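On the provided structure of chain A, position chains B, C and D as indicated by the hints.
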Amino acid sequence: MPLDLTFTPQQQALRAEVRAWMTAHVPRTPLATLEGEAGFAQHRQWERTLASGNWGMITWPREYGGRGANLIEWLIFEEEYYRANAPLRVNQNGIFLLGPTLMEFGTAQQKARFLPRMAAGEEIWAQAWSEPQAGSDLAGIRATAQREGDQYVLRGHKIWSSRAAFADWCFGIFRTDPASGRHNGLTFMLVPLRQPGVRVRGIRQIHGEPGFAEIFFEEARVPVANRLGEEGQGWHIAMATAGFERGLMLRSPARFQAAAQRLAHLWRSHATQADPALAAQVAQAWMDAEAYALNTYRTASRLMAGGTIGVEASLNKIFWSELDLQLHGTAMRLLGAHAALRAQAPDVVQDAGWLEGYIFSLAGPIYAGTNEIQRNVIAERLLGLPRG
Amino acid sequence: MPLDLTFTPQQQALRAEVRAWMTAHVPRTPLATLEGEAGFAQHRQWERTLASGNWGMITWPREYGGRGANLIEWLIFEEEYYRANAPLRVNQNGIFLLGPTLMEFGTAQQKARFLPRMAAGEEIWAQAWSEPQAGSDLAGIRATAQREGDQYVLRGHKIWSSRAAFADWCFGIFRTDPASGRHNGLTFMLVPLRQPGVRVRGIRQIHGEPGFAEIFFEEARVPVANRLGEEGQGWHIAMATAGFERGLMLRSPARFQAAAQRLAHLWRSHATQADPALAAQVAQAWMDAEAYALNTYRTASRLMAGGTIGVEASLNKIFWSELDLQLHGTAMRLLGAHAALRAQAPDVVQDAGWLEGYIFSLAGPIYAGTNEIQRNVIAERLLGLPRG
Amino acid sequence: MDFNFSEEQRMMAGALRELAADLSSGERLRAIYDGTDSADRQRWDALAELGLFSVLAPQGSGGMSLTDSDFILLAEEAGHAALPVPLCEQAGVAVPLLAELAGGAADSGTAAALAEALQAAASGASRVAVAHPINPFTLAPADPTHWLVCNADTVRLLEAREVKAVPEPTADAGRLLYRLEAPLQQHGVTVRGAAAAAAAARAAQRGALYAAAQSVGVAQRLTDIAVSYACERVQFGKPIGAYQAIKHHLANVQVKLEFARPVVYAAATRVADPDAGAQAAVSHAALAAAAAADLAARTAIQVHGAMGYSWEVDLHFYMKRAWALAGSWGAHSFHARRIQALVCGGELTLGPGQTFE
Amino acid sequence: MDFNFSEEQRMMAGALRELAADLSSGERLRAIYDGTDSADRQRWDALAELGLFSVLAPQGSGGMSLTDSDFILLAEEAGHAALPVPLCEQAGVAVPLLAELAGGAADSGTAAALAEALQAAASGASRVAVAHPINPFTLAPADPTHWLVCNADTVRLLEAREVKAVPEPTADAGRLLYRLEAPLQQHGVTVRGAAAAAAAARAAQRGALYAAAQSVGVAQRLTDIAVSYACERVQFGKPIGAYQAIKHHLANVQVKLEFARPVVYAAATRVADPDAGAQAAVSHAALAAAAAADLAARTAIQVHGAMGYSWEVDLHFYMKRAWALAGSWGAHSFHARRIQALVCGGELTLGPGQTFE
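Chain order of the listed sequences is A, B, C and D. Its first residue numbered 376, the first sequence is counted upward by one per residue in the numbering used here. Its first residue numbered 376, the second sequence is counted upward by one per residue in the numbering used here. Its first residue numbered 98, the third sequence is counted upward by one per residue in the numbering used here. Its first residue numbered 98, the fourth sequence is counted upward by one per residue in the numbering used here.
Read the hints as simulated data drawn from the structure, not as lab findings. Being a predicted model, the structure only gives us computed values, none of them experimental. Just so you know, not all the hints are guaranteed correct.
As the list claims (entries may be wrong) - To give a feel for the contact side, a few chain C residues facing chain A, derived at Cβ under 10 Å:
hint, residue
1, M98
2, D99
3, Q351
Note that the Cβ used here is the ideal one computed from N, Cα and C, for glycine as well.
Same shape as in the complex, but just chain A (with noise of 0.2 Å):
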């Protein structure tokens, strides 16, 4: 039956096998941040932890270490995980973007090599995008892999590379041809980070922690069979990977839904001195939060009938950033005073950290393609405006 939203005894028994799992192994104390090197250990860690109770992720065939879910089950799957607290994902370049995009691209070698020990919490993956000069505008890299025999040899520099002070391998384009320009002559390359000829510097952020990494390649070498695609077929797939970002996975409702929830905890906590205005602002936050579920399982739900997710992707974009700007900044007038404390103050407000996911919601609107860029894509694309 058509527009028919309720789960079948199979869904829910999976809700349900997922809940007593969490419920068992989620750790009791929040871990440290993933951005420092013990807690990027504990989330290393618990990657394996749920690896071992094949949930590492459960859209993959089971060859490959998923469980072969649906889309609406990995919903199913994501509602119960933020449900039960459990950790942010260290492994999520790997598992929401290079994953998918070795599906598509890689050879069966590669997907044997690289798929299962991703889902196993193994090998963590960075991503290397940027460069100094090449940010919103990636077409702009000036990296190079020079082929050389059975190797290519990477020289360049990388930046704001999340995850890369302490993971095991990155991805990202380099050029190849180098008479070439904009998005032709790039490639596709899959790197160890620890390895001669790659140096990894930790860029500190405003929150003190070392979030981004810069990467130098000196000279670094890869084997061939470590390039995803053909040569100079780089930029096609990257931007398959960045449409992986925006699209449907990368941000779970569920996250904001719980955010929502803690949010109007709070409320109720400061209800009596609080402009009475912010109460709007929670029931929104909370509105924004469903409308965002509800889209995802509408997403879902068409694309399990063979439909694809193009420009959509930068609806979802726009929405979720702007939501959790919105949800974080209510967050921080309802808290006052309260608001800039740090975590270690006697009287921060526990448990929460809103002040650390108000710093992240700023950066929401700007990575992953900044909302300019998505605005335009919109449009053009989706509405047929004229190119500028």
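Below, chains B, C and D without anything else, positioned relative to chain A:
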């Protein structure tokens, strides 16, 4: 003493004088809308009444029917004018736009011929800027003025001309050099509307009244004496006029302060059933109206100390137009099911004209240069950002 | 779990769009606004002929026995066309209200009268206005035959001659609003008590849901008109739609609209439930759809510039419909207060996994 | 009526800007954040040498006898520099509070002690923290010598050793915050009753006013930084500041900022009044300035992209100062509630011609 925000005894005396006069003269019953024929006549009569008290335009020199008042005195006058709920100024194109332009660019004869009748409310002016293909892009105009002896022959089609349906004169720019393009070869003309070769056709607006008109110039003749400035100087003069429009006088702070006061009354009569968040919107409307008033006093002080108003006019334009929209949008929400009632509906909320005000406020970000264009001006000329 | 509409659902909506393009063309709307239209009955009959009034009526009453999920796209089309007929009030509110009352009536006389009224409403033979305390003014079809008057715990079916209704003209000439003067107690068929209260509450939910769906439709129409104008209108040497500021305004509308849509659709699947979740879903739909329509209207007129102020340009029909819908079946304050109470007050279970509970 | 600042007022602000460019350079702020700074006393003494702590002190106490209108631009400069010294709390709050208390003291012992404290504070010889119930955490200078502790109807002057204060580190390392544990009753110089209550209320007004002025300053700084980055950073072949979207973001900040400024300046002229108009003026200033700083911060980081997240880029010092100021001397909710009560509750006279009443 600098940053002295108190009124002098003279200023207080002026306030008392205006207040007494308005109390005695402002019509008890609101006039009909000046967009209609009957209302226009009523408003024309009101201008004559104002002039009889020598209140036509108090900042003008006495010889032109003014009182030689300074800008602070003008603001006091305006406060009392709106406090008394006096009628809209049907004469505003004349007194606020063409008047200052004439003082800057007109000959002695022109000033003597036009200004006193403007201040006396004897001649009502329309503007004739836009053409069907030249709205925001005013430099695209095509209407021509061809010199023949001591006359110009006008041909072309102006549109969105406010007041023109019932006014006596219009001012606008015409192309005197047919070979010219864009900003060159334009000349500023003063044209009687009631003469052969000029055809005016009212444009019905969405509220049903002809608030705009089209003007067709079909070989209309005007003497060379009606040319303001030199041939080819039209663009320069028009930009000065547009500056007056965005500048200090067109939108009196008092207008918004009066509206914010009405909004607070509306809130009080709806508070028990209203979204509590609307209280914040009501307070915001009051704050913005006050901020606009304060900034206007600040600008007036700067001008009186020899300063000029340049790109600040664009800041003003954006601020008051957005404030007006927010204020009336809040009223619409408070009114709920009553919001869309027409003036003749039995249950319309009396004496407020909220729907008409809302419709008018929607135009604020459009006329006198769209807010998009104003933002470009601010970015490029105030902040120094590079041109597109 | 399947969020897709069926082929049939989409076809039915397509059929209405086609019909409405004719019944509610710019030319016909302008005639209505100018007071020169006389095609009320023709429009009504055309909608009846397509069977639209009977979608939610049981089969036994000549209906299609379909659900609110089947009607929701039709309501959206009614908004898209700024249809000058209260299709949603007749087919989406009056018909299911009559069906519920007829099904639950205690005595057979009342049941028979209601069943007859239901059949007439579903076929379009009668034209029913639904008065409800949530609406200070009642939207009625031209020349109504019956009024359904809801109160706290009664619902009364009256013939039009038994009702005194004062016209309340609004900016939207395509909607005839009236203030109802208290109907005479001795007239009509009356249902009382808990059943009547529940039915009246459900009618208000449906009214708000279908107003929201219409708002989504009208928001889409406003956006379509603005986009097409932005592609055509040239200023400073290029179409204004090529400027980033215009692009971003319109993209923002599209974001609001796309995320209002699933909220409205999901609310359709639970509109008849009496629980807190259904109340939240409907108020959410009402607020999200009204916000999308409001932004679409403001953006459309901003894109049009002075042109948007002209009576001769169709834009204003849709703006006025957006304003009218924002005030019907619970305006902003009603839904905002309700959802704030539910979310902030703790009555609603929040958090992941509660969306469809 | 003259809304212009005098040449002297602007020169004094210019002198502070020059000094602060050195005392509060990016390099020095980074050292403070990294915990490698030891120039607290040097900064304090430099400000004292310029006479800044004495602006609002009476001449008899070694002060300049100037008014809040004279100090307001200095507070703005303190914000512009994200000055890591609580200049406004010492010079703008503690000094006038001490002056008021000393002037109104009933017994001569208290008067003498307060007069001495005033003189020390105005010269910079003492470093005073002002605790007030409106602030859950008190901003203190490094190594404070005294605390002024306000309560509902007492104000108490304590020596630092008489106070137990728990550090509460915030994101802004340039502001040292403490939670004060209740001071011992037997210590210090105490003023009680209506005079103390009025003085404490006035201190809160001044605290909020000068926080607002600092917010305006920091908003301007954030905007300057963002504009300069937008002119330099090239993407897709041109500076990002050439894109209309970036232009319009920054223009919107400038609008908010320009209309917050006169509100703050006007509030300075009436901050000491006890009436509803003064309360509304100060809360308006607080809200408008915080909104400008908030938008400036969000826009600046959006313009910077990932670069804005880097510790090595100065931007974050000013963002953090904006966040810190938003929570001081009455955060958003305090001022929003107060102004809503005044405007919507009818306590304030609204309408044209009331602005300076």
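Chain A contact restraint for Q351 of chain C - C-beta distance below 10 Å: 6 Å, holds
Under the criterion of a CB-CB separation shorter than 10 Å, is M98 of chain C in contact with chain A as hinted?
Since the shortest Cβ distance to chain A is 5 Å, the answer is holds.
- Message: Quick check on D99 of chain C please, does its C-beta sit within 10 Å of some C-beta on chain A?
- Response: 5 Å, holds
Of the numbered hints given earlier, the model fails none.
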